[in-house]
Amino acid sequence: MNTREAKEILLLYRGPVDDADPQFREALTHAQRDRELTEWLQEHTRCYDAIRAKLRLVEPPIDLPQKIISARPVLFRRNWNEILKLAAAIIISASITALGFKLSEHKRRSIPQGQEIIVKGEVLDMTCYIAYNLSGPEHASCARDCIRSGLPVGIKAEDGRVYLLTGKAGKPVNAELADDAAKVVIIKGKKSIRDGFAQLQVEEIRKF
Amino acid sequence: MSADVDFEKLVKRYYQDLYRFGFSLTGSESDASDLTQETFYIWARKGHQLNDPANVKGWLFTTLHREFLKICRRRKRFADEPIEESAHDLPDVPVDCVNRIDSRTLVRMLREIDEDFRAPLVLYYMEDFSYKQIADVLAIPLGTVQSRIARAKMQLLRRLSETNAPRTK
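Here the protein sequences line up with chains A and B, keeping their order.
Residue 1 is where the first sequence starts when you use the working numbering, and the numbers rise one by one after that.
Residue 1 is where the second sequence starts when you use the working numbering, and the numbers rise one by one after that.
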C-alpha cells in the first residue's frame, strides 16, 4: 500500500469510532510509518471532530419533547385474538342481518298484501298467548272468556305462524270464535302484514 | 401506563439526535421538529413490530429519513462515484476553517449537498454508527454509503475552503 492508497482509505476514518473496522487497519499501520500521512491524518481527524462538534451544537426547541409527549397517539398493544374474535362476530352479525333482509324481502315479494289464503289452526286468545304463552285445551276456558270479553283473537297455523283475526271493515270476530277457543278451525281470509305482524281478515270460518 | 413511560423515556433519550439529523437534512427548525415528532408517533403505532429492541436508534433514524424522503418527493439518483476520484480532489481544510464558522452556516452548507449524499454524510459526522449501520438506516448498500460519504465530504470541504478563502476584487 502506498501513501495515496492509504489516504484514499483514511478519507473515511473518523477516529476511535472506526478503530474496530478492519478496512482501516492496514492504512493506519502505513500512516504510522509515513510522517506526512500522519500529519494529514491528524489534521483530517481534528477537522472531523470540529465539524461533528459544530453539528452537535444544534439544539432542538426547548419545548419539543413535551410537545411530542403531550400529543402522542393513544398507545395500545394489539391483541390479535380479540381483534379476530371481534371481526368474526361482526362478519357473522352482518351476514345474519343481510340474510334476514333477504328473507324478509323474499317473503314480502312471495306473499303480496291482501292475498287470500286458507289457514288451519288453533283459535287463540292473543293476550294470554303473547303475554304468558298460554294456549291449548287446558287454557280453553280462559281463552273463551278473554275472547268473549273482547280481547284480540288469533289463530296459530299448523306451520307455527300466528295471525291476528279481524272481520271485514275492521269489525271484530270475537263473537263468532269465542266458543271455538283452543279448538282447531279452518279460516279463509286475506292476509296482510304490518311492521312484522300478520293479520288475517276473516271471510269464512269452517268449524269441525 | 408503562407504555406511556416507555414512550416518554424514548423521546427524552433520542429527540435531540433525531432533531439534529432532521435539521441537518432540512435546514429548517419547523421541518426538523415535525420530522422528529412524526418519527416518534410512527414508533408509537408501529414500534412493537421491531424484533430487536437493541436497534431502536437505528429504527428511529431510518423512519425519520423515510419521512424526510416523503417530504422531498425527490428520487433523483446519482451514479456512485469511486472513492479514489474524491480523494484526488480532496481539498486540505485546516481545522481553523471549521472553527471560524457557526453551526447554522455549516448546516446551510450541508443543505447545498444533494440529499442522497447529505443523509449519509450527516450520519457519518453526527452519530457513532458504523458504516454498516448507516447502510442499514438508509437502506442502501455499504459500498454506496462509503462512496456517497466520500463524495459528499469532498463537496463540504470544498465549500468550507471556499468560505475561508481570501476575497479578491
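What the hints contain is simulated information worked out from the structure, not anything from laboratory work.
A couple of the hints might just be wrong.
[Claimed, not checked] So the derived label-pair ranges between C-beta atoms look like this: (1) E36(A) / L50(B): 27 to 37 Å; (2) D6(B) / T3(A): 17 to 27 Å; (3) K102(A) / E115(B): 55 to 65 Å; (4) P22(A) / L50(B): 25 to 35 Å; (5) K102(A) / S28(B): 26 to 36 Å.
[As the list claims (entries may be wrong)] Sample of chain A residues at the chain B side, in silico, Cβ under 8 Å: (6) L12; (7) G15; (8) D21; (9) R25; (10) E43; (11) A50; (12) K54; (13) P60; (14) I62; (15) K67; (16) I68; (17) A182; (18) V184; (19) I186.
Computed from a prediction, not measured in an experiment: that's the story for all the values here.
All residues carry an ideal CB built from backbone N, CA and C; glycine is no exception.
Taking the hints in turn, this is what the structure says about them:
1. E36(A) / L50(B): 27 to 37 Å: Taking Cβ atoms as reference, E36(A) and L50(B) lie about 47 Å apart, which means the hint is violated.
2. D6(B) / T3(A): 17 to 27 Å: Check failed, 51 Å falls outside 17 to 27 Å.
3. K102(A) / E115(B): 55 to 65 Å: Holds: the Cβ-Cβ distance is about 57 Å, inside 55 to 65 Å.
4. P22(A) / L50(B): 25 to 35 Å: holds (29 Å)
5. K102(A) / S28(B): 26 to 36 Å: violated (58 Å)
6. L12: Holds, about 6 Å.
7. G15: violated (10 Å)
8. D21: Interface hint status for D21(A): holds (7 Å vs cutoff 8 Å).
9. R25: The hint is violated - R25(A) has no Cβ within 8 Å of chain B, the shortest such distance being about 14 Å.
10. E43: Hint on E43(A): holds, closest Cβ of chain B at ~7 Å, below 8 Å.
11. A50: holds (4 Å)
12. K54: holds (5 Å)
13. P60: holds (4 Å)
14. I62: violated (11 Å)
15. K67: holds (7 Å)
16. I68: With a closest approach of 5 Å, the I68(A) hint holds.
17. A182: violated (65 Å)
18. V184: violated (67 Å)
19. I186: violated (68 Å)
In summary, the structure is inconsistent with hints 1, 2, 5, 7, 9, 14, 17, 18 and 19 from the numbered list given earlier, while agreeing with the others.
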